[in-house]
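Protein chains in written order, with full-length UniProt numbering: chain A, 1 to 328; chain B, 1 to 328; chain C, 1 to 331; chain D, 1 to 331.
All clues stand as given, with none of them false.
Covered by chain C, according to a simulated footprint, are these stretches of chain A (three or more residues, beta-carbon under 8 angstroms):
1. 46-59
2. 105-116
3. 137-145
Treat the hints as calculated values from the structure; they're not laboratory data.
No residue lacks a Cβ here, since even glycine has one placed at the ideal position from N, Cα and C.
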Amino acid sequence: MRKLKYWQAINSGLAEELRRDPAVMLLGEDVGRPGGAFGATQGLHAEFGEHRVRDTPISEAALTGTAVGAALAGLRPVVEIMFFDFVTLAMDQLVNQAAKMGYLSMGRFPVPLTVRTMCGAGLGSGPQHAQGLEGWLAAVPGLKVVWSSTPADAKALLKAAIRDPDPVVVIESAALWSVRGEVPDDPEATVSIGRAVIRRSGRDATLVAWGAAVTRCLTAADILAAEGIDAEVLDLRTLSPLDTEEVLASLHRTGRLVVVQDATGPCSVGAEVIRLAATEGFAALRAPAELVSAPFAPVPFPPGLERAYFPQDDDVVAAVRRSVGKEM
Amino acid sequence: MRKLKYWQAINSGLAEELRRDPAVMLLGEDVGRPGGAFGATQGLHAEFGEHRVRDTPISEAALTGTAVGAALAGLRPVVEIMFFDFVTLAMDQLVNQAAKMGYLSMGRFPVPLTVRTMCGAGLGSGPQHAQGLEGWLAAVPGLKVVWSSTPADAKALLKAAIRDPDPVVVIESAALWSVRGEVPDDPEATVSIGRAVIRRSGRDATLVAWGAAVTRCLTAADILAAEGIDAEVLDLRTLSPLDTEEVLASLHRTGRLVVVQDATGPCSVGAEVIRLAATEGFAALRAPAELVSAPFAPVPFPPGLERAYFPQDDDVVAAVRRSVGKEM
Amino acid sequence: MTRTSSHPRPAPADDLGVDLYRTMARIRHFETAASRLLASGELPGFLHLSIGQEAVAAGVCRALTDDDYLTTTHRGHGHCIAKGARIDLMLAELFGRAPGYCGGRSGSMHLADPGLGILGANAIVAAGVPIAVGGGLAAATRGRGQVAVAFFGDGAVAEGVVHESLNLAALWRLPVLFVCEDNQYAEMTPTETHLNNRDITAYASAHQVPAETVDGNDALAVFSAAERMVRRARDGDGPSFLHCRTYRWHGHFEGDAQNYREAAEVEAWRGRDPLRVLRLRMADESVPTAIDAECEREIALAVEWARAQPSPDPGSVTAHVYQPDGASCGS
Amino acid sequence: MTRTSSHPRPAPADDLGVDLYRTMARIRHFETAASRLLASGELPGFLHLSIGQEAVAAGVCRALTDDDYLTTTHRGHGHCIAKGARIDLMLAELFGRAPGYCGGRSGSMHLADPGLGILGANAIVAAGVPIAVGGGLAAATRGRGQVAVAFFGDGAVAEGVVHESLNLAALWRLPVLFVCEDNQYAEMTPTETHLNNRDITAYASAHQVPAETVDGNDALAVFSAAERMVRRARDGDGPSFLHCRTYRWHGHFEGDAQNYREAAEVEAWRGRDPLRVLRLRMADESVPTAIDAECEREIALAVEWARAQPSPDPGSVTAHVYQPDGASCGS
Ligand SMILES: Cc1ncc(C[n+]2csc(CCOP(=O)(O)OP(=O)(O)O)c2C)c(N)n1
Ligand SMILES: Cc1ncc(C[n+]2csc(CCOP(=O)(O)OP(=O)(O)O)c2C)c(N)n1
Ligand SMILES: [Mg+2]
Ligand SMILES: [Mg+2]
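Start from the sequences and build out the full structure, keeping to the hints where you can.
Pasting the structure below:
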């Protein structure tokens, strides 16, 4: 085990996969010589050369399409879309091409493509650099979507994504960029895509979150514990396909569900988790489900408004209290 | 009242708005001289001329961006994106630009833009021409999204969209293209964006649907009526912002909720309606909510598979029976 | 060709002209059969046929081997046939039958064949273009002299991704051949209405990609330009752009009323039938005649076979959305 | 200018050079103040400054009136100032304060002013380009001789939408001026790494849009080219493309470590300071000196005012997501 920052864990995962498999190739704006706009690809251009770590033009659509073609033709490309908001420029290639090719070819043409992108929430970068669009991607059959809340997962899930036969979108959190955590040394340590993890066990309510919101849920759970409310914190890790088993199992244990997300509410992953609870999990649900999300508005930039906009510890605490019937 | 086909109602709505307001302009591939790939703009080029009804290159991104700029500069552009699947090419302009400008400018820069697009489900046009991506759009603060199930609404909601100060995406159903219905003659007849409508009252269960699925719900309701199950059918009409009041009111009357959609399930509008029921409507919900949707797969093309893929009358009937506890 | 010899294609039994003619005749008969089957209600969905444009497919693909890649469009039957796709499996797919190229679930617009480097037809205009660049990137990485061809229409040239793709391919000197099949229309819109510069090579030249216009109804001319461009690509000299002027005889899709063009225009282009253009240059009239008869038989048999195939099991509708671990492809 | 006279801009008290110098000085002092405020921790968010590039903004906007439109980028302060935006409201926005141009909710990258035709800065590379085409479309429809200008960087040229926009503007002969501010880098990537053809005018010429390269550090040269192009546009002769070679002195964003370029390169360009270039041509040295002092005072006052403004009410975070019925804009 080493202590690494979130971005260093990403960097180490990329380096290991580049070393392991000559078919792996990185593509993106500034990922080569500059080492990434935020440092995630530092040193890789020097070690693996300009053919395997490629600086690209600002052409998200062609870049993603090129990666789709390269994946069909036997490479394992890893494309960086610098900020999550810019996937808007690559949706045709992601959704109409990458996600459908395995299906349309009856599995004869898998698309082992990885798309890395960063959600800027918390940077003060404003309405076109801080959106949480994970709900769009999780709505697309054929895509897989993962989002790590720890350095260890950031590395392990990225490696799993690169080795996966399907297109995987790996979302990273700017808000976690410099958070440190233990990361296993074993280069074969991966985490299975599709499996959630319980970060804290509890009996009174299930808190479901992913990415940077997990930390706030854990803090909220501590506050709640002091009040005698024992919250379970489930980190989804994979947003599609969803680990419905683990979510339902936890719900059956606690009977209460609070989903916390930095994205806006309508048609979101949070809505989907609650949909699951209200259909298959209905018998277990003993109180109204709660969705703690950003308000239905674009992301404002200044710190004061950002704080008001993204769900904070207090908001989570309040929702769990409501859920267990202990409003204060 | 006249009887018009769905597409004729659209045509008539466009003609009236072009006549009424010189700021209205149509843009799209084949919308001009050819009168639209499916006839919706027939005769408009002849009546209003090539400056107001413009044939365009196949450039969905620039087209939408141009319309955003024209809207900011005082026009009321109506852009056609031929098939729903092609909005993937215009997402930046729709989501990062059109939807945010009113917000960012504190209302000083409204974007009175209308985007018309057609969902090809039911045409046998396959996986890149039949997707239901309404969930993406309904997830975006600042956008409005409407989808009509009748010729009268197709006209009235389109006119309301053109007059609206915000960007509105108007989704049309290929499956309803030639369906006839009564359409008011009054050119001032519009339908308020944001209001659902009850197509059939009932006490036992609430069926929620939109677009082409409404018809199947009405048929299912007839079948159920013969069994003594009295289903209410709510046509959402506006998918964002959702008419939460009407949905909750109906749920309070019936205690049971079945949402029917041609789109896939995860993070969809259906999931959102169920999210609403499981949070604010929880007290009223007396049975598990049901989401009758397409399976989580791309849309296959041949008629046999399309039928298996999109929810049919039987699937709706079965879901309502489950919901009211009368499985057979 | 310098390097092609290292991955030889089944040697043509006969000379270049005959080979090109056979490819065009197979396409012509395939498309004609498909048109009839749709008209008679036997085929579901949309069909976009390439009758009149056969020389482009035949000429370009004659310069390729099975090891090369291509991507094509909604109007892609001809390119697939010319690249060696199996006509029986294509027809089964058009019928929506289980043994079809895509299990019968995709129809005309998504044909793909890993073994032949067919990276897919595509119902999204221009989407195949960057995918071919990706094929070129894999080829360049592998260094075995493979090339990738992107077929696309005049209409596609207005999509931004084509320009992005040209820039990428040029920057990285990728072995990509951009083939613009300029049939004068994008759906119902004539090219001068959707492209300001009617000289389509200019868009490639702007990126310093060598570009040439050829008579797209002359298979020999297409082949000779394509061969030179393919050689450049195999030699590591980067991408080229081939602009082929041609015409589609049928509507944009089968059933299109075609109010947007004059019958006389269609007639004039029918007079320049690519099959006849080549036939007139052939020494022995009996050879093409025999080929035509052969193709007609081949297609008739394939139609009969395809028609008799079972439909896919409706329960299979969710199969292959995700692939089993370890699945992979590519060569 | 033929038609501009019909919508006169507040008459410059002095001659062209002085006017251009004043605009550049205001930009320089604004950007310098912003840089200091960010470094001292007073400004939140990201800042992309245009120090070194002032001549482009000043030269182009001198050819415009308040009635004309523009769109700009993440590096847009200069363009907004040159178009007449209020420095105090801009600073309030950078501080995230309520009276700012966007109510303090958007920061540096989304400045917009309906009254001045500023259709918005933009944090999405190239997104403003088609929006300016839309401004041009409205202008053409209205027929009052307005023009629309799109400012964008060399990096943006690789985005497909720029090519789509050139085609549209050319097809419809819209009064649009495309201004490429080529500062040699897209973030940390030098232009030769992201554009295959370093002659950026070629991309416009491909669409038959008249294009010209000018010294982007010479405000008089920029103005004289822009003026000609604006006149063409007002006269109904369609779009033009102005390629300005320039350089940014600061990092891509404030705080950028700038490992990707040599100090000597920056120094060389500092030697070609656009303010000094113009100052050297001015008869009376005391005029620019006085202007500098004036601007410094103006900015200092504005900073003081902006800093004292209240933050937006956190409860306002959902205001204006949708507009009241009947809301409208545009002229
Ligand atoms: C992105 C996108 N926009 C629009 C369409 C609808 N469409 C299908 S084919 C076509 C015209 C294509 O023209 P061209 O590229 O010249 O090919 P051709 O049909 O002439 O072979 C259009 C607009 C589409 N399929 N994809
Ligand atoms: C669509 C998109 N892709 C990437 C980015 C990240 N980004 C911000 S500025 C920039 C470089 C832009 O370069 P250029 O157009 O030359 O403008 P400059 O910064 O040099 O003024 C990039 C890649 C973005 N904001 N939008
Ligand atoms: Mg064409
Ligand atoms: Mg630049």
